[in-house]
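**Student:** Residues per chain, in single letters:
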Amino acid sequence: MPDLPKLLLQIAVILLMARIVGWLFQKIHQPQVIGEMIAGLLLGPSLLGWVAPKASAFLFPPESLGFLSSLSEIGLLLFMFLVGVELNPKILKGRSHTAVVVSHVSILAPFFLGSALALYLYPRLSDDSVSFVSFALFIGTAMSITAFPVLARILAERKLLHTHLGIVAIACAAIDDVTGWTIFAVVVFIIRSTESISTIWLMLLGIIGFVALMLFVIRPVLKRLESLYFKRGDVSHNMLAVMMLVMLASSWVTENLGIHALFGAFLAGAIMPKSENFIEALTVKINDAVIVLFLPLFFAFTGLRTSIGLLNGTQMWFFFGLILLVAVLGKFGGSSLAARVSGMNWRESGALGVLMNTRGLIELVLLNIGLDLGVISPTLFAMFVLMALITTFMTSPLLEWIYFARLLPGKYAPIEQVPDKLEKELVSHALSGIDSGKIEIGH
Amino acid sequence: MVKIFLGYIGMLGMTLLGLMGVLRLGSGIEAPASVKGTWEFRVSGPETAVQCTGLTGWVGNLELQISQSGPDLTIHLNNSSEITLTGKVQDATITAASKNPEIENTQMMLSLQLNRADQPDRLQGLLRTPNCVDSVQLDGTKVQ
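As they're listed, the protein sequences go chains P and G. So for the first sequence, the numbering used here puts the first residue at 971; every next one is plus one. So for the second sequence, the numbering used here puts the first residue at 78; every next one is plus one.
Quick caveat, the hints were computed from the structure, so don't treat them as lab data. All the given hints hold, so there is nothing to weed out.
Result set (SDA-like, lysine to any residue): computed pairs, CA atoms no more than 20 Å apart in a straight line:
1) Lys165/G - Gly1283/P
2) Lys165/G - Phe1288/P
3) Lys176/G - Gln1285/P
4) Lys113/G - Leu1343/P
5) Lys1193/P - Leu1210/P
6) Lys113/G - Pro1093/P
7) Lys176/G - Val1021/P
8) Lys165/G - Leu1281/P
Some chain G residues near chain P, calculated using beta-carbon distances under 7 Å:
9) Tyr85
10) Leu100
11) Gly103
12) Ala108
13) Pro109
14) Ala110
Glycine is no exception: its CB is placed at the ideal position from the N, C-alpha and C atoms.
Using the sequences and the hints, build the whole thing.
**Tutor:** Shown next, in the form of structure tokens:
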């Protein structure tokens, strides 16, 4: 049984810290979500446990963390469902080759560099309970993630969604989302595959069959919910319950098939009908609770697992420096070069590279899975959490420095002057998400 | 357009080839033995040593929580945050000493052996304190 008073106190402290630090970060022109991530870190052993160990032991005794963990897991399932829901297939279907090429290079370059870095890190930060293949694939994936919602928020704040850069960046990040999560699902499957070859084949067939079932059987059924929505004018409690059941069932199946429950939630969201009004009505029902309540719990839980103190000594900080360098080189460098080769000018290419280097919350999700699977040690986890925070934090100031859209004429015209109908739709979709608060604080 | 497409295919192929090369290279790299987790130890040895090391209350009841990052280890005794040892695992040998030797009654040195091939869930070795001539023997198994 949970210690209810303790759990309520924990939630209250976490929410309060998240709001205060989030607000402070807004004041320095950073997305609020970065402040919330830092708030989680401050509540863990890196600050509270260090300066006030007794208060930390009273507030977050180890035996109470299981309940906090369960709550944050539920929140993550809902969040991944929303990420899938807000995935606009128009972005993926109709994008220019530039977006596809840049997006894939922005995954492949850091993936390769990360895997190569694993050659150096494996004997120094891992042990023989983890195979090199699992370690290298995980490090590669952790290097190649982009946080689509944070990126959309930054573009909106800087009024760049209307520009050529904004449209390409949104498309790249959306393609990154789909590709990144697919690669990660495969990596998790490989890491978890300790069964016999025949069982692995059975599980693989099961995954393919399940994805086909979701696409060709469940999706048409969900289309009827959309029709019902247009008749009624709102998403009823029963309709919402059906969608939640689909999400929970999908998460349960993917967890049992050897990939993670979060992929099931993402898939359930991705197959939801995509008309703008329906998506808005659905997300409004779930979004506020996820953003205000559940995600800060996840950040706090991540913070409680992150001990910056583990980076003791110059050698550890050297390893961290290498990780940060490779992460930035791979993501920023890869995206920028690919954009330049695809015909964008240097300034735009650099700005796109900066945007794609944003890792945010999505990286934290991935790292927590890696720690749970035992692929990375707590020390490596702390290094990657720091890397995620720094690469997210650096985005706004670097963008401001590289890309002065307001001063640049011509190509950076407002959307009304861009002839492509699809691009107009993309921008209006992204803006509707922000206006409705879907990505209000940039997760 | 054709140039971009060909460049894209070439880059994809090169990256995949590079990745395969990395995985092949990495398969020859050996990581330190895994000793992380919770271990339960039976404490034995001359009575004088057990008393001298202050381990009388722990006979048959010593638990070590080992955190590991590569060869570096942090070891907590009986879930105590006061007694923390730091050390290394090299090949099959663990050596560790008190993290804060200035704190009284927490000065300890640990030396353990792992049989990687036959009994990877068993550690055997010695625990010493500076003031004692004799060491206590430890024989433990992994419980978690």
